[in-house]
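There are 2 protein chains.
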Amino acid sequence: MWPIVVALAAIVGAAHAECQRVDPLPSWNDGLVKQQIVAFVTRVTTPGPDCVDTADRVATFDNDGTLWPERPTAIVVYIHERLLAMAAKDPSLKTRQPYKAALANDLAYLAHAGPAAVATLYGAALGNETEEHYADDVAAFYRTATQPKFGVPYAQTAYRPMLELLQYLRAQGFQTWICSGGDVAFMRAVSQTMYGVRPELVIGSSLADTARLENGRLVLWRKPALSSFNDKGAKPVNIALHIGRRPLFAAGNVGGGGDIAMLEYSQGRPGPSFQLLVNHDDAVREFAYQERDSASLTAARAHRWTVVSMKSDWNRIIEPSPAPR
Amino acid sequence: MWPIVVALAAIVGAAHAECQRVDPLPSWNDGLVKQQIVAFVTRVTTPGPDCVDTADRVATFDNDGTLWPERPTAIVVYIHERLLAMAAKDPSLKTRQPYKAALANDLAYLAHAGPAAVATLYGAALGNETEEHYADDVAAFYRTATQPKFGVPYAQTAYRPMLELLQYLRAQGFQTWICSGGDVAFMRAVSQTMYGVRPELVIGSSLADTARLENGRLVLWRKPALSSFNDKGAKPVNIALHIGRRPLFAAGNVGGGGDIAMLEYSQGRPGPSFQLLVNHDDAVREFAYQERDSASLTAARAHRWTVVSMKSDWNRIIEPSPAPR
Chain A
22 MWPIVVALAA
32 IVGAAHAECQ
42 RVDPLPSWND
52 GLVKQQIVAF
62 VTRVTTPGPD
72 CVDTADRVAT
82 FDNDGTLWPE
92 RPTAIVVYIH
102 ERLLAMAAKD
112 PSLKTRQPYK
122 AALANDLAYL
132 AHAGPAAVAT
142 LYGAALGNET
152 EEHYADDVAA
162 FYRTATQPKF
172 GVPYAQTAYR
182 PMLELLQYLR
192 AQGFQTWICS
202 GGDVAFMRAV
212 SQTMYGVRPE
222 LVIGSSLADT
232 ARLENGRLVL
242 WRKPALSSFN
252 DKGAKPVNIA
262 LHIGRRPLFA
272 AGNVGGGGDI
282 AMLEYSQGRP
292 GPSFQLLVNH
302 DDAVREFAYQ
312 ERDSASLTAA
322 RAHRWTVVSM
332 KSDWNRIIEP
342 SPAPR
Chain B
22 MWPIVVALAA
32 IVGAAHAECQ
42 RVDPLPSWND
52 GLVKQQIVAF
62 VTRVTTPGPD
72 CVDTADRVAT
82 FDNDGTLWPE
92 RPTAIVVYIH
102 ERLLAMAAKD
112 PSLKTRQPYK
122 AALANDLAYL
132 AHAGPAAVAT
142 LYGAALGNET
152 EEHYADDVAA
162 FYRTATQPKF
172 GVPYAQTAYR
182 PMLELLQYLR
192 AQGFQTWICS
202 GGDVAFMRAV
212 SQTMYGVRPE
222 LVIGSSLADT
232 ARLENGRLVL
242 WRKPALSSFN
252 DKGAKPVNIA
262 LHIGRRPLFA
272 AGNVGGGGDI
282 AMLEYSQGRP
292 GPSFQLLVNH
302 DDAVREFAYQ
312 ERDSASLTAA
322 RAHRWTVVSM
332 KSDWNRIIEP
342 SPAPR
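If you read the protein sequences in the order shown, they are chains A and B. For this note's numbering, add 21 to where a residue sits in the first sequence, where the first one is 1. For this note's numbering, add 21 to where a residue sits in the second sequence, where the first one is 1.
Quick caveat, the hints were computed from the structure, so don't treat them as lab data. Fair warning: there could be bad hints in the mix.
Where chains are identical, the list cannot tell them apart; a pair therefore holds if satisfied intra-copy or between any two copies.
Said to hold, decoys possible - Straight-line alpha carbon distances no greater than 20 Å define the calculated SDA-like cross-link-like pairs of lysine to any residue that follow: (1) Lys332 with Glu153; (2) Lys110 with Val98; (3) Lys244 with Thr66; (4) Lys244 with Leu128; (5) Lys244 with Arg266; (6) Lys332 with Val73; (7) Lys170 with Asp44; (8) Lys253 with Tyr163; (9) Lys332 with Pro136.
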């Protein structure tokens with residue numbers, strides 16, 4: 022009989038451990054923001070009038086500036102690397118716009134040339150190859166490139182407080198999605214290992230692929246044309262396309278105003294919802310920057326979104342972290 | 022001590038029940054097709070060199086003609102209903118092509134006018150409203166419309182053998198996706214209740230949505246323009262966009278050749294994969310029809326895909342079924 026008693030005690034012990042009140046967000050300082058997050062999650066996961074079915078516990082996270090730093094944006098660094106490699110093979114690119122400006126980091130030209138020039142660069146740099154070849158090249162980038170400020174590979178730059186938030190939400194039955202302006206395959210390469218987010222839960226920008234046969238095998242060819250630039254109003258559109266419902270929880274950041282529409286879309290959900298906006302106000306530990314028009318913070322005030330001060334609300338930002346669950 | 026023993030016995034009993042050898046596919050006749058399916062699933066889910074991680078156990082199913090009948094295709098019936106309603110408000114549609122042909126079921130004209138005319142009709146019938154208004158209208162269609170041959174609502178026309186296959190795959194750790202030529206929101210309305218497939222696991226055709234504010238609330242407006250017609254070569258493209266990897270298991274049907282590319286894409290997966298093609302050869306219990314060019318069956322022979330004879334391989338086709346797990 023003893024083995025049975027021991028086995029049963031182990032089961033009971035495990036169940037008991039699950040109920041212990043361990044702080045799920047230790048990198049978040051105690052304060053209003055942390056209280057609001059925990060209060061919301063508790064409210065929608067506890068039996069009662071505001072409890073939300075697990076099927077509808079959908080959380081969407083922007084990536085650049087929300088889950089990892091965006092100074093510089095990794096996809097932009099990668100595009101620049103690819104353009105340099107292209108120019109090494111075809112020097113005429115150095116004299117042709119918009120390549121010339123991109124190669125010379127002429128941001129004034131690019132700002133003036135606008136979205137069409139950016140789309141051209143995006144397509145040219147990330148297209149004209151198969152998805153599988155592209156995935157191999159992206160993997161090589163992640164093995165070799167380091168984030169300039171932190172001096173570590175991009176895959177080690179996740180914000181520790183946000184990793185805890187992702188894990189906390191998943192433990193409470195949420196699906197955690199990434200909704201990034203970066204290329205979808207570029208993010209999928211690291212989403213599982215960095216964030217514990219499976220590739221099918223990543224939404225991003227995409228090229229117009231086409232199916233073709235290569236030695237009798239069907240491959241997907243990345244045409245050098247942007248199919249969707251997943252920013253601003255495109256984010257709710259792509260969330261609807263991939264998920265089919267409004268997020269219960271949405272998180273973005275102050276930077277380029279790219280997440281306002283996603284947070285508005287979440288807030289339009291019938292019933293409870295939560296919107297989080299990360300503000301970059303920590304020049305020492307990360308970066309301090311604002312939007313010229315303050316659009317994101319203005320929207321946050323108007324809509325009563327929860328604004329995270331990296332400086333005040335996070336006691337850790339970027340440091341080696343355990344593998345996500 | 023007795024309560025402990027009883028509790029433990031219950032746990033052991035439950036574990037024992039899971040190991041019983043119940044036929045997971047009772048509506049499939051014993052034969053080569055059923056054997057091939059079970060042998061493949063066993064091979065990729067049993068420890069050994071061909072075992073596939075659960076993360077990569079991705080199965081994609083076409084819907085029209087693969088999971089439910091396509092004579093007529095439900096989305097075409099729905100589009101026709103919507104065009105009739107539009108013509109009641111605007112009689113000029115009855116004299117303008119391609120609406121005139123669609124309203125009069127002039128298939129010869131539509132075949133001649135080609136994909137552009139079909140895209141125009143698709144956009145006009147299913148666009149110009151918010152996603153939420155559209156979802157309400159789709160729900161009303163499913164409450165009222167009946168499949169003409171079987172005389173039951175469309176949501177009761179799932180092929181019983183395919184429901185068993187979906188459940189069997191899920192029980193073996195597969196994600197079961199729908200990859201339909203029908204409108205994605207049209208299919209999501211019934212995917213969970215009919216097939217046990219959550220809305221985010223449905224890929225379909227889609228309109229070019231745009232985000233706009235309506236009384237201060239962000240809504241998604243369905244522009245009357247097709248963004249993606251999820252058929253033929255678009256299927257692997259959209260599978261890559263939504264799932265990010267090649268399906269381990271893919272199922273389509275003989276009809277319009279719409280699933281060949283999806284099955285080729287699955288077969289191009291490094292390592293094991295399985296392709297299933299449903300052949301409509303049962304005029305009595307369902308329908309008997311062929312492709313004019315026999316493209317799907319020709320591809321199946323060339324690539325050694327498994328062809329299902331509805332007549333020989335299925336002992337039941339459409340009948341009331343228990344709610345999917």
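- Failing hints, ascending? 1, 3, 4, 6, 7, 8, 9
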